[in-house]
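Could you use the hints to bring the two separately framed chains together as a complex?
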Amino acid sequence: MSVLAQLVSLEGISFILKWLHLFFGLLWIGHLYYFNFTQGSAMAQADAATKSGITTKLLPIALWWFRWGAMWTMLTGIILLGIKGHVSGMEVYTSGWGIAILIGVTMGLTMWANVWFIIWPNQQIVMASATQVAAGGAANPQAAIVAPKVLLASRTNVLFSIPMLFFMGSASHLPLPVTPESNLCAVTAVLGVLWLLIEANAIKGKIHFMQTVKGVMTVGFVLTAIIYVVLAAFI
Amino acid sequence: MKFIFYFLFFFVFSACTKKPPLTEQLTPEQLVERGKSIYTLNCIACHNADPSLEGTAGPAIRGASLDLLQAKILNATYPASHKPKRDTKLMPKMAHLEKEIPALSNFLR
Numbered sequence: 279m280s281v282l283a284q285l286v287s288l289e290g291i292s293f294i295l296k297w298l299h300l301f302f303g304l305l306w307i308g309h310l311y312y313f314n315f316t317q318g319s320a321m322a323q324a325d326a327a328t329k330s331g332i333t334t335k336l337l338p339i340a341l342w343w344f345r346w347g348a349m350w351t352m353l354t355g356i357i358l359l360g361i362k363g364h365v366s367g368m369e370v371y372t373s374g375w376g377i378a379i380l381i382g383v384t385m386g387l388t389m390w391a392n393v394w395f396i397i398w399p400n401q402q403i404v405m406a407s408a409t410q411v412a413a414g415g416a417a418n419p420q421a422a423i424v425a426p427k428v429l430l431a432s433r434t435n436v437l438f439s440i441p442m443l444f445f446m447g448s449a450s451h452l453p454l455p456v457t458p459e460s461n462l463c464a465v466t467a468v469l470g471v472l473w474l475l476i477e478a479n480a481i482k483g484k485i486h487f488m489q490t491v492k493g494v495m496t497v498g499f500v501l502t503a504i505i506y507v508v509l510a511a512f513i
Numbered sequence: 371m372k373f374i375f376y377f378l379f380f381f382v383f384s385a386c387t388k389k390p391p392l393t394e395q396l397t398p399e400q401l402v403e404r405g406k407s408i409y410t411l412n413c414i415a416c417h418n419a420d421p422s423l424e425g426t427a428g429p430a431i432r433g434a435s436l437d438l439l440q441a442k443i444l445n446a447t448y449p450a451s452h453k454p455k456r457d458t459k460l461m462p463k464m465a466h467l468e469k470e471i472p473a474l475s476n477f478l479r
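As they're listed, the protein sequences go chains A and B.
So the number in the numbering used here is just where the residue sits in the first sequence, counting from 1, plus 278.
So the number in the numbering used here is just where the residue sits in the second sequence, counting from 1, plus 370.
In case anyone wonders, no lab produced these hints; they're calculated from the structure.
Bear in mind the structure is a predicted one, so any value in this text is a computation, not a measurement.
Any given hint could turn out to be false.
Restraint-style ranges between C-beta atoms, simulated for each label pair [as the list claims (entries may be wrong)]:
| # | chain 1 | residue 1 | chain 2 | residue 2 | range |
| --- | --- | --- | --- | --- | --- |
| 1 | B | E468 | A | A425 | 23 to 31 Å |
| 2 | A | A425 | B | E424 | 28 to 36 Å |
| 3 | B | D437 | A | G493 | 48 to 56 Å |
| 4 | B | P462 | A | V365 | 16 to 24 Å |
| 5 | B | D420 | A | S280 | 25 to 33 Å |
| 6 | B | K469 | A | I423 | 54 to 62 Å |
| 7 | B | A427 | A | A326 | 52 to 60 Å |
Just so you have them, the derived chain A footprint on chain B, three or more residues with Cβ under 8 Å [claimed, not checked]:
| # | segment |
| --- | --- |
| 8 | 407 to 413 |
| 9 | 445 to 456 |
Note that the Cβ used here is the ideal one computed from N, Cα and C, for glycine as well.
Only chain B is shown next, with the shape it has when bound in the complex (with noise of 0.2 Å):
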């Protein structure tokens, strides 16, 4: 019981030490590589690991613009000149993704 307890303790603390950078500071080849790594750990489930080419439920997204990935991920809405490529409006809004959203954009470029 005390090894337990100390396995859980260990890796609470560990947990705790890891910040996210702000992503001002980030260079423009590190923000393209944060906005890769936050796509595949948020978006491949419905969208291409390749953002170019066509997902299971999401369509291929590469070249989105700043407007439309601010609509659909903080509001699950299009801009009001977009004329979306589905209309199955299965995206659930992801608003914990706010500050996220210039890497991402800068990988989609």
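So that you can see chain A by itself, here it is in the shape it has in the complex (with noise of 0.2 Å):
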């Protein structure tokens, strides 16, 4: 087979589909941990005219880079989803593979809705809120509540991030001993109410232990060595 015939056969595509998403899933998270790790940091520390400039000349363009990496992150991500199914035949999802794979996209789909439904919405009334203050008008009352239902839904994709990389990377490099004795109902009903606790905390709930940097880290590390042991009880 010429290279070229290779780069156009379903091998070939999988893997330019592949490139994108990690091209794409780099720009996304990229973002993420420059927010989080980064801009909070500095902009706790800078004085008003600094962040009002932070807020209505820089986030426009970070947010714009950061949201269409995650949509493009998504869709390259369900391309390579259904082509692997399309492949191997639907029982690829229940296999070692297919289980750390599944659990690194509920998360990735979790982070995607969070950037489109949480963060998007609610940052545009924080930086409409800016720019007019910017201009020499009053403040929107409505930024002050929004802005911490940002920082949790940011916060809860930092957390998610560590866990969702790990089972991404891990579904080919580090594959689950899976057995017709493996409780794969166990494992779903399991890290399903976990996700579910997460989840509904990063729309309803509080910050907790999330609220510094290294709060968010730890919690993301600890996150993915949970999964794991339940992987372990239950494979």
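Listed below in structure tokens is the structure:
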């Protein structure tokens, strides 16, 4: 098979999609980590004029790359998942690879939904209010109400990103030992409840341990370990 | 909260009741059936669901010898005399499948 024929085969197209998935994923998660690890700390030390400049000038650009990075990561990922099911059969989703990848997919899709349905709509209110203030107007009181919701959803995405990266990577490189005795119902139930509690907290709860960068990173690594222990217990 | 606790408790204990059968106790038909399950659950992400066909990342492996299965699964190597169909070295060790090799071998015959 020539190099060009290999590139336009289903295998080649899958690889191109994986490459794009990683590219958009880096774009998205890179901005997520920038917002949480860098910009948040800088804003805490900045004076009012700098804060206003960041919110009205930098943030709109960064959020454009952030949310469209999230969108294209999700779209390329869904297509890749469909191709895998088409090529290997739907039973591939109950294989060791499938279980690990679906854990990552669940977290990735939740993070994408948090970006588009919580972070972006509320950030628009915050940015519009800051623009109004910069032009000499009054701040929108709604901005102060929605800002903590943005922070909580953003921190939850950092929390999910740590196990998400682990399980997406481990799907092909650290195979899960699945046998006919593996209790996949239990895995789904326990991890489903855990996911539900974390996401319910992102929508209606409190920031708890995620207030600081150190806190959210610690909880992220602990969550990864908990998921792995659940898998070790039931698989 | 109480409901969630009981829910998790139920699944934890229902999971602890299953033990894998000893492959020596299985009939040849059961061994083939078990090999098919193990193959589906662990191999088809790379090899084709039909082992006589090429997979996305792994070659056709219908007829793979016991030596080849042991070398690839336990050590990610090939038996000395074996000429690999692909030289990609993509397959990681899957040592957790050690006890399942006889079943896999029977299925792939």
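(request) Taking the numbered hints from earlier one at a time, note which ones the structure violates and give those numbers from smallest to largest. (result) 1, 2, 9
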